[in-house]
Amino acid sequence: MTADLGYGMTLVALGLALYGGVAAGVGARTGRLALVESAQHAALAVFVLVTSCFALLTYAFLTFDFSVRYVATNTNLGTPFYYRITAVWGALEGSIILWSWMLALYTIILIVRHRVGARELYPWALATMLGILAFFLLVMTFAAPPFQRQVPVPADGRGLNPLLEDTGMITHPVALYLGFTGFTVPFAFAMAALITGRIGDTWLALTRRWTIVAWYFLSLGLLIGGWWSYHVLGWGGYWAWDPVENAAFMPWLTGTAFLHSVMIQERRRMLRLWNISLVILTFGLTLFGTFLTRSGVIASVHAFTQGSIGILFLSFLALVLLTALGLVAWRWEAFRSEGELDSVVSRESAFLLNNVLLVAAAFTVFFGTVFPLLSEAVRGVKVSVGAPFFNQVNVPLFLSLVFLMGVGPLIAWRRASLDNLKRNFLWPVALGIVAAATAFVLGVRSSLAVLTFATTVFVAVTIGVDFTRATRARLRLGESILPAMGGLLLRHNRRYGGFIVHLGILVIALGVMGSHAWSVQTETTLHRGETAELAGYRFRFDGLTAVEESNHFKVTGAFTVSNGTVLGVLRPAKKFYPQEQAPIAYVDYRLGLREDLYLVLGDFARDGSQATIKLQVNRLVSWIWIGGMVLTLGALLAILPERHRSA
Amino acid sequence: MNRRRKFVIGGVVIAAALSYMIYAGVTQSAVYFVTPAELQAAPVPGKAYRLGGMVVPGSLKWEPRSLDLSFTLSDGTATVPVRHKGTPPDLFGEGRGAVLEGSWTADGYFKATLIMAKHSEEYKAPHDGSQAGYRELIKTLRGEGR
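Chains as they are written, first to last, in this note's numbering: chain A, 1 to 647; chain B, 1 to 146.
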């Protein structure tokens with residue numbers, strides 16, 4: 001019953017989305033506004049239907065409606081209330097619903113915001129949005145239907161993947177998908193610009209904030225994903241260059257490139273073709289990421305599905321790319337930009353280099369991710385490149401990017417004079433060198449660490465120099481200090497939001513560097529009462545306890561931690577789920593600004609007399625999360641409507 | 001067009017540097033996925049491999065005090081003795097699939113530095129030990145290899 005109702009609504013939504021897309025397109029072509037209006041109504045109806053589907057599925061989860069196959073596979077009577085909600089998007093079918101719902105939501109926001117203001121581009125953008133939405137509804141109808149009947153209805157379901165029983169699972173997919181789908185809007189406007197031939201700056205101005213919104217959510221999704229990996233998976237890391245992570249990271253890189261190159265077009269009327277290409281690439285990569293993670297082409301912890309939707313996504317990706325490239329070729333003549341690069345030493349060059357490096361990073365990530373597939377397809381042998389490849393290739397790229405973060409915002413447009421360079425960069429360079437020397441004197445011998453430290457200090461000082469200078473200028477106008485600073489942030493919110501994002505990145509860079517250079521770990525087996533030691537901390541094994549939870553059985557170890565004084569008790573556990581073949585580790589940790597204590601329970605004796613543990617002291621990892629918060633705050637500031645066009 | 005030339009040279013330098021980094025990265029960190037039969041056919045001591053197969057029932061030995069783990073990995077045709085220092089990971093066990101990273105030693109065993117237990121919902125352990133069952137397993141493991 002539920003399944004049929006849901007399936008019916010999906011079908012109607014698909015029909016309406018297709019109709020709306022065609023109606024908007026025809027309406028735009030013929031100038032018949034009635035058709036565009038009709039498309040708007042269709043879009044609204046689609047939104048209502050997809051929302052109902054979503055609500056219906058959630059209801060099915062909450063009421064344990066095992067007549068729906070998706071519910072029966074992803075929950076059981078023991079699944080706690082909270083995780084029954086997150087289980088809705090815990091697997092492929094539900095995540096496609098979530099995706100479609102967000103896309104429908106963005107379509108509605110697009111209608112509300114741009115219906116009046118963007119007469120020329122709007123109908124085509126609407127048509128594009130509805131077309132893409134129709135594709136996802138098609139997937140929802142045929143390839144990965146969430147509403148399939150389960151016959152006979154089982155007494156209990158299979159249960160949720162235990163790794164997904166975590167608070168991060170409500171926010172991580174939502175943020176990530178809001179980011180992914182968010183890039184559809186700039187793409188839709190880019191298509192509209194190409195179709196109408198208005199490839200000037202209008203589409204950019206319209207989509208600028210949309211892009212920041214998408215970027216904000218994608219960044220948030222990546223950060224929460226890292227946190228989830230760190231505190232759930234129990235390997236002590238936050239980023240593994242897993243194909244699933246890479247899938248989300250690639251559009252982030254190209255999206256970041258786009259955010260920066262937009263400024264060049266706004267200011268100098270250059271790089272139009274590049275900007276359009278970046279938007280197409282970013283949107284294409286979001287589709288590619290879904291293909292990668294959802295088709296089962298490369299399996300990993302996240303890719304808990306093996307569907308047949310690979311072909312569908314790949315075909316759609318090909319269709320999107322071919323259409324977009326066809327349109328670009330059709331408008332080729334119009335892409336002659338008016339501006340030209342004047343000098344190698346200029347802000348334009350710095351931004352261009354930033355773009356090249358970001359796209360290069362995206363390419364290396366892409367290359368490393370698909371390398372095993374390529375080698376298998378071409379040579380028939382499976383060759384993989386792991387984290388060492390990604391680190392080795394990307395570290396120099398990212399370090400250069402961090403360096404450019406200091407150069408780009410301060411160097412002069414067009415052509416930087418020696419005087420300009422001296423005025424802006426004398427102090428930052430000097431303090432960067434001082435920082436490197438200090439680090440060396442303090443005993444840091446890793447050249448990468450010294451270099452990272454020097455670069456981050458250099459960039460931080462450039463931001464400080466700029467902010468101080470701007471504040472002083474306002475003080476001279478008679479403002480007092482706090483209003484002057486607040487006024488700067490709010491009036492030039494995009495510029496200073498960007499700076500805050502940069503500061504966040506610096507903090508993250510330090511955290512990443514510190515955790516790589518200085519983390520230590522060990523593995524050992526302890527009898528009850530015995531003590532293990534690591535980096536000045538002592539861990540005493542006090543014993544094991546076993547508890548029956550609502551949907552699993554849990555064995556918990558108690559370890560008293562001290563470093564001279566007793567710091568507390570860590571309780572890592574192993575959880576045994578009936579639906580899983582083997583236990584799942586539950587990490588316990590104690591976070592700190594300097595270092596985290598991180599404890600995983602491995603093997604143990606049944607009588608509780610002995611336990612094998614993995615111990616880690618992870619250095620500076622907390623700064624990654626702190627930097628992440630700074631970064632998202634900066635992005636939020638940049639999203640605020642601009643009060644004042646910066647001069 | 002002196003200015004343009006500068007940008008072209010800059011672009012070429014960046015492209016060349018990037019290509020070199022990728023090339024060097026791949027040659028240094030590429031790891032071949034092999035099955036026990038492929039490894040036994042031509043074992044190269046010291047070379048890094050990714051070895052996939054099934055843990056032979058009855059072969060698993062685990063010494064918690066010394067953290068010594070040893071077992072035999074099989075693909076139905078050949079077997080490889082494996083040693084590892086550390087706790088067996090979650091989902092690892094006899095009769096289950098595993099992918100190991102490590103190298104072949106001159107002493108005639110595979111020294112695993114990383115064990116990834118692989119379980120697939122579709123895959124059922126080949127109880128009859130049939131070739132078809134093992135082929136299915138290897139296929140799954142290859143798919144899981146990264």
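Just so you know, the hints here were simulated from the structure itself, not pulled from any lab data. Quick caveat, the model's predicted, so the values are computed rather than measured. Don't be surprised by glycine CBs; every beta carbon is placed ideally from N, CA and C. Among the hints, erroneous ones may be present.
Stated by the list, open to error - Here are the simulated distance ranges between beta carbons:
(1) ASP542/A <-> GLU63/B: 39 to 45 Å
(2) PHE467/A <-> GLY11/B: 51 to 57 Å
(3) SER59/B <-> GLY326/A: 54 to 60 Å
(4) GLN28/B <-> LEU77/A: 47 to 53 Å
(5) ASP4/A <-> LEU114/B: 46 to 52 Å
(6) SER59/B <-> ASP4/A: 30 to 36 Å
(7) ILE14/B <-> GLY326/A: 40 to 46 Å
(8) PRO57/B <-> PHE440/A: 52 to 58 Å
So, going through the hints one by one against the coordinates:
1. Between ASP542/A and GLU63/B the beta carbon distance is about 23 Å. The supplied range of 39 to 45 Å is therefore violated.
2. PHE467/A and GLY11/B have their C-beta atoms about 34 Å apart, which leaves the hinted 51 to 57 Å range violated.
3. Remark: the range hint 54 to 60 Å for SER59/B to GLY326/A is upheld by a beta-carbon distance near 59 Å.
4. Hint check: GLN28/B to LEU77/A, Cβ distance near 51 Å, so the stated range 47 to 53 Å holds.
5. Between ASP4/A and LEU114/B the CB atoms are about 48 Å apart, so this pair conforms to the stated range of 46 to 52 Å.
6. Range check, SER59/B to ASP4/A: Cβ separation about 51 Å, and the 30 to 36 Å hint is violated.
7. Taking the beta carbon of each, ILE14/B and GLY326/A are about 29 Å apart, not inside 40 to 46 Å as hinted.
8. Hint check: PRO57/B to PHE440/A, Cβ distance near 56 Å, so the stated range 52 to 58 Å holds.
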